[in-house]
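Asker: Sequence:
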Amino acid sequence: MTAGLLLPRLTEADPDVVAEGSIDPLGLAGIADALVDLIAPGVTARMTRPRLITAIAVSAVVAADFPDRVAADRVGPPWLVVEWHIVEALVGVKGLPPTALRGVGGSAKTAAALQRGGHLDARSYLMTPKVFGFHGVFKRLAVNLGVIDDTLALTERGYELVRIWEHEQGLEGFVDDLPGSPGANLRRALRRAVDHALAAGTAQALGSAGATVAKALRPDAAGRAERDLLWRWLDPAEPLRREVLLALTAEEPAAQSEAVTLRAKAAGASSRLRARLDAIDAYQALSSTLTRAFDALRVVSRQHGLVTIDLDTAAELAEVAAAHRLPDLYASADKRIAEVDPGELGTRLDLGLGGFARRMPPRDLAVELLDHHDRVQAAKPPGGKRPWFERVPTGFTVRPIYGLVDPASYVHPTRVTALRTFCEDLR
52 MTAGLLLPRL TEADPDVVAE GSIDPLGLAG IADALVDLIA PGVTARMTRP RLITAIAVSA
112 VVAADFPDRV AADRVGPPWL VVEWHIVEAL VGVKGLPPTA LRGVGGSAKT AAALQRGGHL
172 DARSYLMTPK VFGFHGVFKR LAVNLGVIDD TLALTERGYE LVRIWEHEQG LEGFVDDLPG
232 SPGANLRRAL RRAVDHALAA GTAQALGSAG ATVAKALRPD AAGRAERDLL WRWLDPAEPL
292 RREVLLALTA EEPAAQSEAV TLRAKAAGAS SRLRARLDAI DAYQALSSTL TRAFDALRVV
352 SRQHGLVTID LDTAAELAEV AAAHRLPDLY ASADKRIAEV DPGELGTRLD LGLGGFARRM
412 PPRDLAVELL DHHDRVQAAK PPGGKRPWFE RVPTGFTVRP IYGLVDPASY VHPTRVTALR
472 TFCEDLR
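Mind the numbering: the sequence shown is residues 52 to 478 in our numbering, read in order.
Any given hint could turn out to be false.
[As the list claims (entries may be wrong)] Now the in silico label distances, taken between C-beta atoms and shown as ranges:
#, residue 1, residue 2, range
1, 375, 308, 20 to 28 Å
2, 372, 88, 31 to 39 Å
3, 322, 376, 26 to 34 Å
Source of the hints: derived by calculation from the structure; they are not laboratory data. A quick note: this is a predicted structure, and the numbers were derived from the prediction, not measured. Virtual Cβ for every residue (Gly too), placed ideally from N, Cα, C.
Just need the whole structure built from these sequences, with the hints factored in.
Answerer: In structure tokens, the structure reads:
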């Protein structure tokens with residue numbers, strides 16, 4: 052029984068999904084991500100504030116003063132300790148509108164730590180900062196744009212970005228550590244705090260420098276030259292990403308859903324982009340139908356508590372019966388994907404979802420869905436994960452934690468929301 056249990060409340064940006072393998076129960080996300088990479092390389096759905104790339108570059112300048120150092124807790128490398136201080140500064144400064152912190156992972160946990168009179172450390176910050184902190188979220192794009200390398204070291208482009216930033220923010224001398232300059236004063240304040248934090252394993256108070264950091268790095272307040280530089284770097288190497296960005300720039304402020312938006316943009320897109328958008332749309336249709344049928348099994352099982360649901364009952368569910376379209380949807384996705392990537396993605400589709408290419412009665416489909424889910428869970432590292440359902444020969448019961456009240460209305464994010472924010476913040 053679960054009644055009366057107090058479950059931990061996690062922030063939205065830091066889910067605990069590792070132990071049970073509770074992400075992607077049907078193994079659909081890999082191909083979806085690979086397809087979106089064809090139109091938005093370097094971007095992920097969690098990227099919503101491109102100015103955090105500048106925060107990474109500024110962090111790299113400070114972290115470079117501490118080569119080979121790690122925090123006393125053996126968890127926090129210099130770049131993460133700098134991140135603690137930047138996020139604390141952004142959250143701690145008074146007067147910022149709530150929208151200024153949108154997209155800053157860990158801001159809720161940071162606020163809680165500050166309200167307790169403490170500071171961030173490895174225990175109070177994000178559980179997996181290498182994924183959900185601003186370095187984790189934006190490293191991929193920062194590397195793609197050539198701002199940092201894979202080791203988080205600043206490149207020539209990165210230094211160009213920081214120099215523009217320091218000039219627009221009145222912090223000249225930050226990069227060169229020019230004695231007596233406003234930038235050097237801020238860099239030294241950060242260096243002192245980070246040095247102490249590496250020794251103590253917890254962030255240190257920045258004092259008045261915290262307000263300077265917050266003003267200079269708030270995600271919604273990049274200077275004109277900084278915005279222009281980031282926007283320009285999004286252009287030449289990835290023309291399809293640029294085409295999508297330009298199409299989104301022309302949108303009305305009240306944007307529609309990602310699916311509706313991409314379908315609308317396909318009509319006026321170049322032939323290369325249109326083919327990729329068609330492939331995304333076809334795969335989303337296949338994924339959505341599979342997911343709705345799978346979620347219907349979760350819903351009906353939850354509605355009946357711990358009673359086993361027999362397969363005949365599952366076969367009568369509208370979402371399972373509607374899956375008779377799966378072979379046609381699979382064929383469409385296979386055709387569209389072959390047009391943009393005839394090799395690897397087509398093979399992945401066949402190996403991953405080929406079992407749904409044949410027509411089968413709803414009862415058999417329910418069994419195939421559950422069997423497919425079992426295989427996906429068993430293949431998750433390091434040694435497989437437990438399925439969401441308990442199985443018996445005649446039916447199934449969803450495990451309580453995975454029962455569902457309402458099926459999801461959307462399956463795979465296509466990064467349109469992230470790119471829309473790029474347009475809003477940089478143009």
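Asker: Hint by hint, which ones does this structure get wrong, listed from lowest number up?
Answerer: Violated hints: none at all, because every hint is consistent with the structure.
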